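Residue strings, one per chain:
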Amino acid sequence: MGLVPRKLLGDRTLIEQIRHSDSLTEGGFYHGLELLVEREHDPITYERFYDAVHSAVMGARETSKNVAASPGARELGELLFALLTPEGHAVAVSSGLVGHQGAFRIAIKYMAENGYDRNPGIRPGDIFLACDPATSGTPHPGDVYTFIPLFSGEELIGWAAGMNHTMEAGGSVPGAWPPWSPNTFTDGYLVPPTKVGENYEDYTWLYKQFERRTRAPMFNILDEKMRVAGCKMVIDSVTDIIDKFGLDYFKATSREIIEETRRICIDNVKMLTIPGRTRYVSFRTVPYKGIVDGVWPQSAHNWLLHLHTEVQINTVEGKLHINWDKISPANFHALGGYQGILESNLWLNVMDAIGLGLKPNSGMNLAVTYDMPQGALFNPPSDKYSAGNPWSSSVPLFNGFSSGLETSKRARGFVEESWNADLCWTGIQGEITLKDGFSFGFCQMDLLGASATPARPYMDGEPLGTAWWNPSSDTGSVEEWEYVLPGIYYLCKNVLPGYCGHGKFRGGLGMQLAFVVSDEVKEAIIGKVGATTGNYFTGQASVPGGSYPAPTSTLIVYRGTNVLELMRNGEYPGGIEELYEWIDQGKFTHKGREVHKEEVGALLVRPGDVYIVVGNATGGWGDPLHRAIERVEQDVKENFVTVEAAAEIYGVPLGDDASGSISVTEGAVAKRAEIRRAREAASVPFEEFWRTERQGVVNGDMHEFVADAYAELKGFSTAFKQDFESFWQLDEETIGAEHE
Amino acid sequence: MSERDSREVLRDLETGRMSWDEVREILRQKKTLNRFSEYRSALSETTPFGDRVLLRVGEYLLVVCEPDGSHAVRCLECEHDFGDPRVNWKLSSRVRVRRTLEEFLEIYLYEEVCPEPGIAEVREYYCPGCFTLLCVECVPTGYPPMFEFLPDLASVYTDILGDTAPTDPEGEWVFEDRSLSKVEAWASTTTTVDTQGAGR
Ligand SMILES: [Zn+2]
Chain L
-8 MGLVPRKLLG DRTLIEQIRH SDSLTEGGFY HGLELLVERE HDPITYERFY DAVHSAVMGA
52 RETSKNVAAS PGARELGELL FALLTPEGHA VAVSSGLVGH QGAFRIAIKY MAENGYDRNP
112 GIRPGDIFLA CDPATSGTPH PGDVYTFIPL FSGEELIGWA AGMNHTMEAG GSVPGAWPPW
172 SPNTFTDGYL VPPTKVGENY EDYTWLYKQF ERRTRAPMFN ILDEKMRVAG CKMVIDSVTD
232 IIDKFGLDYF KATSREIIEE TRRICIDNVK MLTIPGRTRY VSFRTVPYKG IVDGVWPQSA
292 HNWLLHLHTE VQINTVEGKL HINWDKISPA NFHALGGYQG ILESNLWLNV MDAIGLGLKP
352 NSGMNLAVTY DMPQGALFNP PSDKYSAGNP WSSSVPLFNG FSSGLETSKR ARGFVEESWN
412 ADLCWTGIQG EITLKDGFSF GFCQMDLLGA SATPARPYMD GEPLGTAWWN PSSDTGSVEE
472 WEYVLPGIYY LCKNVLPGYC GHGKFRGGLG MQLAFVVSDE VKEAIIGKVG ATTGNYFTGQ
532 ASVPGGSYPA PTSTLIVYRG TNVLELMRNG EYPGGIEELY EWIDQGKFTH KGREVHKEEV
592 GALLVRPGDV YIVVGNATGG WGDPLHRAIE RVEQDVKENF VTVEAAAEIY GVPLGDDASG
652 SISVTEGAVA KRAEIRRARE AASVPFEEFW RTERQGVVNG DMHEFVADAY AELKGFSTAF
712 KQDFESFWQL DEETIGAEHE
Chain B
65 MSERDSREVL RDLETGRMSW DEVREILRQK KTLNRFSEYR SALSETTPFG DRVLLRVGEY
125 LLVVCEPDGS HAVRCLECEH DFGDPRVNWK LSSRVRVRRT LEEFLEIYLY EEVCPEPGIA
185 EVREYYCPGC FTLLCVECVP TGYPPMFEFL PDLASVYTDI LGDTAPTDPE GEWVFEDRSL
245 SKVEAWASTT TTVDTQGAGR
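Same order as they appear, the protein sequences are chains L and B.
Numbering of the first sequence is given in our numbering, commencing with residue -8 and proceeding in unit increments.
Numbering of the second sequence is given in our numbering, commencing with residue 65 and proceeding in unit increments.
Heads up, a few of these hints could be off.
Stated by the list, open to error - Think about it this way: if two alpha-carbon atoms lie no more than 30 Å apart in a straight line, the pair counts; the simulated DSSO-like pairs of lysine-lysine are:
#1 K350/L with K94/B
#2 K310/L with K95/B
#3 K100/L with K(-2)/L
#4 K94/B with K261/L
#5 K94/B with K310/L
#6 K705/L with K246/B
#7 K628/L with K578/L
#8 K513/L with K199/L
#9 K261/L with K95/B
#10 K95/B with K350/L
#11 K484/L with K513/L
#12 K246/B with K712/L
#13 K(-2)/L with K242/L
These are computed hints drawn from the structure, not numbers from a lab.
Predicted, not measured: the structure shown is a model, and the values here were computed from it.
Extracted from the complex, chain L is given alone in its bound form (with noise of 0.2 Å):
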């Protein structure tokens, strides 16, 4: 007979805890609370303790972040503090990361069933750090949990939970999200939960793990010191509000305000949707061949992801269920992952989409039911697979999510609360040696906190309105990012006029940002990542507003520039447009000019060399034709539009585009007209598309991208399979006839 565990809640271990109250919630309701007894006996102290312990976690990240932190805590506020139960579903959430609280159950649960209750322990004031997206929940191995249990004498009764999204992770390539990595290996300094301190204070060794093996050890040195703090506030709020409101208080209720969540996430759903069905996809490359294949051969391949998702609606039981059974599987690229990400991803989505009047909590995980197949792209077939990059892919499958239940709610008549959910985000990474040889790795956040908002059915989407994934989320300023990122200096910082998706209402102008390496740098390696990569497509494949979906986002690289010595002259661009001035007349001269559309890893940048960063657009709503005239007038006499554009696009022909004689609504009229018997020249009848597109799919006539991921997707998903062939009419027997 072996060891006797140590029994921390009473007369469970952390495990059995776990597996007594997930058979509870297997009835249907969290934890088997089929009343909310606290809450009807008393809605006035429910929702004082409620407010107690949700202050308690707002009060941990304002105050910690203020401590100890890196830039993109500190500024951009990518960071979260949360209070869990023992069994690690979120109670209370601070603003910030918000999402992250559907993952922290994922890292207690591995705690649990490796039995760390009874080795390493888990005893007051221990600090456990989890950061190994295969066993923690992380997303990517930029994000960083700590965890401090709470206790009530020997008891564990909760979590103080603190994370955040650090500036470096030592992977393959510098950054927090490297996009060339084949497996779990390359993804970078990844930690399977593990006890990292005690009394409140780390280890030694965890400070000399982060200098070893990452490339930003001082910002994630305080970043974890800053984690650490916050938790430490929770525990300590926390314990006065048990003093006050009673342990067994404490305890009944935490719960009861899960479950609240969920039952509202139903009822909302019951309220604001109609049933059915809903499917939207969007598409990502992977493109390593010739990359990344030159170490990793399994990588020698061109991915096209099928981000396809579908939602069943069901109104009766306030149901909904995401089926995932024509997503591609999981291969040894950056932009699959496990469980975290999905859970992170689904509480956003939940939020946007139905989560009105609640109160944020890991109820609004337990609201939606999901398959992910085995050996998809995000449920791989092992542990090993890399999950360096997820946030790229995850957005995009799951702004299908949101694009179906933004479409059912429009047609409950929800009207105000619809959008086309195509949200996005840039990011720019990489790794800063100086001439005096001090390197350090970096996230370039701007563009990652303030993406534009995307249209909707009444209004246009703006720039740099939001970032979803971040309700208090800010662009930062340049002279904090110049201040922190020494040998990087800012050109200009614009909205691009005319790059969004047009519409009726137009989405939200994406951003252009131009930047140039400076003389103090010896050399330097950066690198694009985001979500409005769409790559070789739109942001989304399609959008609930039915018009141009977003265009894509690009990293532009001018090499040996003569920026440096136009500066030294004191000569400075006065914004991008002034900057391409520059070029066309020659005073920028350059040695070569690179374009890259896809996700790069590393690209080595010396001083001189400028490169610009454009992103974060949004799609459209509506068909540009029924743009109101005045507004297409208004937005060409902002420069968001162009005269080409606003006479091409919308059919409002102004400037030298307009003629003289007639006025502008009799000019648009005219132009709208001819744009229309355009369409209808340009277009045929579906079923000749039909015909013409089958012959393309029969012959084989395709891109090798292309035709390889449909080999890939019909060998993996047999939906997707049946779909694409009935559709086509295909069966080997045609195929081969046609083919003669």
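Given chain L, work out where chain B with the ligand should sit, using these hints.
For chain B with the ligand alone, kept in the frame of chain L given last:
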């Protein structure tokens, strides 16, 4: 919202002429179960179909109850009939396919952010009656069209409206994707017919 007010509010909201302050007021208001009937009243006043409007499936497409009791997707600009809501309406539309960089540049303006010619194609689906743009798809060549929204009309009638379930000529209305029926008909004929793109 009282019923009369709400109809006006919803109508004004959809014209896009409300100020952001007014929209925010609406966003903050408590949502209620009678919204669906309020919205249907608003649609019945602003579209050509009156009380026959059931629900909206797109910016320009509505599911309408036909005089014979069947349901059809119709264009609210020109009333064009796209047929059974269980068949993807795209199969009854007109399509323009953009494949070249030149064609992509007309809508995405900058070469560096355009879809990749040869890999992606951009399909514009138009109403065959009035050539309003109904949907845009950017997909790989050979990708079947997406059927974004298949509403369960039986559940809408019985569970939301508290009404009796709709029927079909063959009996009970069944919630299923019937798009293939159309494709199978095309496969059984060799020449192009139906050049008007009419739905039924
Ligand atoms: Zn029409």
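Outcome of the hint check:
1. K350/L with K94/B: 16 Å, holds
2. K310/L with K95/B: Holds. K310/L to K95/B sits at ~19 Å (cutoff 30 Å).
3. K100/L with K(-2)/L: At roughly 16 Å apart (the allowed maximum being 30 Å), K(-2)/L and K100/L satisfy the hint.
4. K94/B with K261/L: With a Cα-Cα distance of about 15 Å, the restraint between K94/B and K261/L holds, given a limit of 30 Å.
5. K94/B with K310/L: 21 Å, holds
6. K705/L with K246/B: 23 Å, holds
7. K628/L with K578/L: 28 Å, holds
8. K513/L with K199/L: With Cα atoms ~26 Å apart, K513/L and K199/L stay inside 30 Å; holds.
9. K261/L with K95/B: Status holds; Cα separation ~12 Å.
10. K95/B with K350/L: 17 Å, holds
11. K484/L with K513/L: The given pair, whose Cα atoms are some 25 Å apart, holds under the 30 Å limit.
12. K246/B with K712/L: Between K246/B and K712/L the Cα gap is close to 19 Å, so the pair holds against 30 Å.
13. K(-2)/L with K242/L: Within the cut-off at roughly 17 Å; holds.
Of the hints listed earlier, there is not a single one the structure fails to meet.
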